[in-house]
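Undergrad: Model the full structure from these sequences, guided by the hints.
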Amino acid sequence: MLDIPEFHLRRGETLFLKGPSGSGKTTLLGLLGGVQKPGRGHIRLLGTELGALSAAARDHFRVDHTGYIFQQFNLLPFLSVRANVELPCRFSRLRAERARQRHGSVDRAAARLLEHLGLDAALLERRAAELSIGQQQRVAAARALIGQPELVIADEPTSALDADARQAFLDLLFAECREASASLLFVSHDQSLAGLFGRSLSLLELNRAARPGEI
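Each step along the sequence shown adds one to the number in UniProt numbering, with nothing skipped, and position 13 is 13.
Since the hints were derived computationally from the structure, they do not count as laboratory data.
Computed from a predicted structure; not experimentally measured.
Hints should not be assumed to be uniformly reliable.
[Unchecked claim] Pairwise CB distance ranges (calculated):
1) D120 with E49: 41 to 47 Å
2) S202 with G134: 24 to 30 Å
3) L124 with L196: 25 to 31 Å
Note that CB positions come from ideal geometry on N, CA and C, so glycine has one too.
TA: Here's what the structure looks like:
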């Protein structure tokens with residue numbers, strides 16, 4: 001259960017969110033990313049009240065403005081690596097246009113992200129199901145970053161990466177967020193990463209439901 005009186009994330013801010021397993025971190029990310037709808041209360045993103053949108057309008061808003069690295073990746077296993085990364089641009093004209101303006105084409109934007117994440121061009125046409133877990137995690141990261149969304153949400157995005165791949169991912173993540181002035185909300189059990197972020201926060205500090213006697 002989550003009972004959060006107030007939570008703010010500024011444009012361009014990077015926030016490391018920590019908390020024990022089962023404390024509601026993934027639920028909070030789903031609410032902020034428009035994947036879930038709150039039972040009560042309000043969530044405002046980029047001036048838009050998410051709860052006031054229809055399910056279809058919320059989905060459209062999410063794909064336009066949010067890049068989400070899911071803990072379970074949520075890749076489409078039968079699609080190629082390229083098609084998975086480019087998926088947001090198929091559903092969002094805004095992100096497709098941003099990718100074209102920056103790189104000349106959506107294809108080139110996808111290839112560049114994957115290259116920076118250490119994935120060989122030979123993998124572009126492979127089905128996502130044929131990749132290792134670490135490779136799938138990097139594909140999920142590229143999909144979230146393509147088209148410069150204003151909010152990037154990352155749920156345990158480095159859990160399957162070795163040290164070199166993790167560093168390449170973090171370098172790219174911060175560079176992409178800086179260039180787009182995107183806000184970054186990053187959840188991880190690896191607290192050694194917290195110092196890389198502008199702010200670190202425990203969900204237990206936010207959630208009144210986790211404080212006995214307050215509700």
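Undergrad: Which of the listed hints are broken here?
TA: none
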